[in-house]
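All chains, full assembly: derive it from the sequences and hints.
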Amino acid sequence: QVQLQESGPGLLKPSQTLSLTCIVSGDSISSGDDYWSWIRQAPGKGLEWIGYVHYSGSVYYNPSLKNRLAMSIDTSKKQFSLRVTSVTVADTAVYYCARERMGDYFDFWGQGTLVTVSP
Amino acid sequence: DIQMTQSPSSLSASVGDRVTITCRASQSIGGDLNWYQRKPGRAPKLLIYTASTLQSGVPSRFSGSGSGTDFTFTISSLLPEDFATYYCQQSFSTPKTFGQGTRVEIK
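Residue numbers (the numbering used here), protein chains in the order written: chain E, 359 to 477; chain W, 361 to 467.
Since the hints were derived computationally from the structure, they do not count as laboratory data. Every value quoted in this text rests on a predicted model; they were computed, and no experiment measured them. All C-beta atoms, glycine included, are put in the ideal place defined by N, C-alpha and C. A few of these clues could be false.
Derived lysine-lysine pairs resembling PhoX-like cross-links, with alpha carbons at most 20 Å apart [claimed, not checked]:
| # | chain 1 | residue 1 | chain 2 | residue 2 |
| --- | --- | --- | --- | --- |
| 1 | W | K467 | W | K399 |
| 2 | E | K403 | W | K467 |
| 3 | W | K399 | E | K403 |
Per label pair, the in silico range of CB-to-CB distance [said to hold, decoys possible]:
| # | chain 1 | residue 1 | chain 2 | residue 2 | range |
| --- | --- | --- | --- | --- | --- |
| 4 | E | R426 | W | S372 | 32 to 42 Å |
| 5 | E | G402 | W | Q387 | 18 to 28 Å |
| 6 | W | T410 | E | S388 | 18 to 28 Å |
| 7 | W | S437 | E | P401 | 25 to 35 Å |
| 8 | W | L414 | E | T443 | 35 to 45 Å |
| 9 | E | D391 | W | G417 | 26 to 36 Å |
| 10 | W | S374 | E | R426 | 43 to 53 Å |
| 11 | W | S372 | E | G366 | 28 to 38 Å |
Chain W regions said to be covered by chain E (calculated; three or more residues, Cβ under 8 Å) [as the list claims (entries may be wrong)]:
| # | segment |
| --- | --- |
| 12 | 384-397 |
| 13 | 436-444 |
| 14 | 454-463 |
Here it is in structure tokens:
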């Protein structure tokens with residue numbers, strides 16, 4: 359059973375950089391079929407797909423956030439990471455990491471971590 | 361981006377009821393539609409993928425149907441553990457997008 363666990367700071371101030379890490383256990387992170395993804399949900403809003411990183415290092419970002427994003431993967435540590443620069447209050451959300459299988463569906467998710475951006 | 365519209369946004373139902381949720385895509389997505397269940401404090405759970413395929417280990421009271429732009433998710437007989445929020449998601453094109461969710465509450 360694949361398990362994912364997010365970690366990162368719970369509170370940030372506007373203009374700071376958000377850094378989150380997702381640790382993967384129970385399966386390889388280096389399968390060509392898997393896309394390691396970030397998804398978030400702001401209060402009162404729907405789920406928003408942020409983007410993915412592949413074990414090869416290739417990435418794809420949601421165009422709505424593209425200019426502020428960076429994702430990376432460390433296969434030796436079985437973890438992948440998200441950085442969002444210049445955060446604002448609008449970046450307050452629960453952030454989930456998830457595995458997207460073959461680009462078709464998100465079959466395993468972390469429990470989510472709440473990130474609050476407040477002056 | 362493809363917009364996903366779910367209805368209703370919430371519903372109240374009793375144990376044993378049949379529950380149906382609909383999801384409409386802003387353009388045709390073939391059968392590239394998935395359904396998830398989310399409970400507070402828990403990791404979201406994949407229930408159905410490619411519109412009608414039951415994820416391994418998911419009870420058969422959950423089902424999905426549809427193609428093109430209109431999709432349906434059904435719980436045939438609601439159990440207490442099914443009270444949760446359900447989301448549809450299209451995987452036809454990037455960026456992947458989700459419906460706004462349907463909260464299933466106890467009547």
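When the hints from earlier in the document are held up against this structure, which numbers fail? 2, 9 and 13
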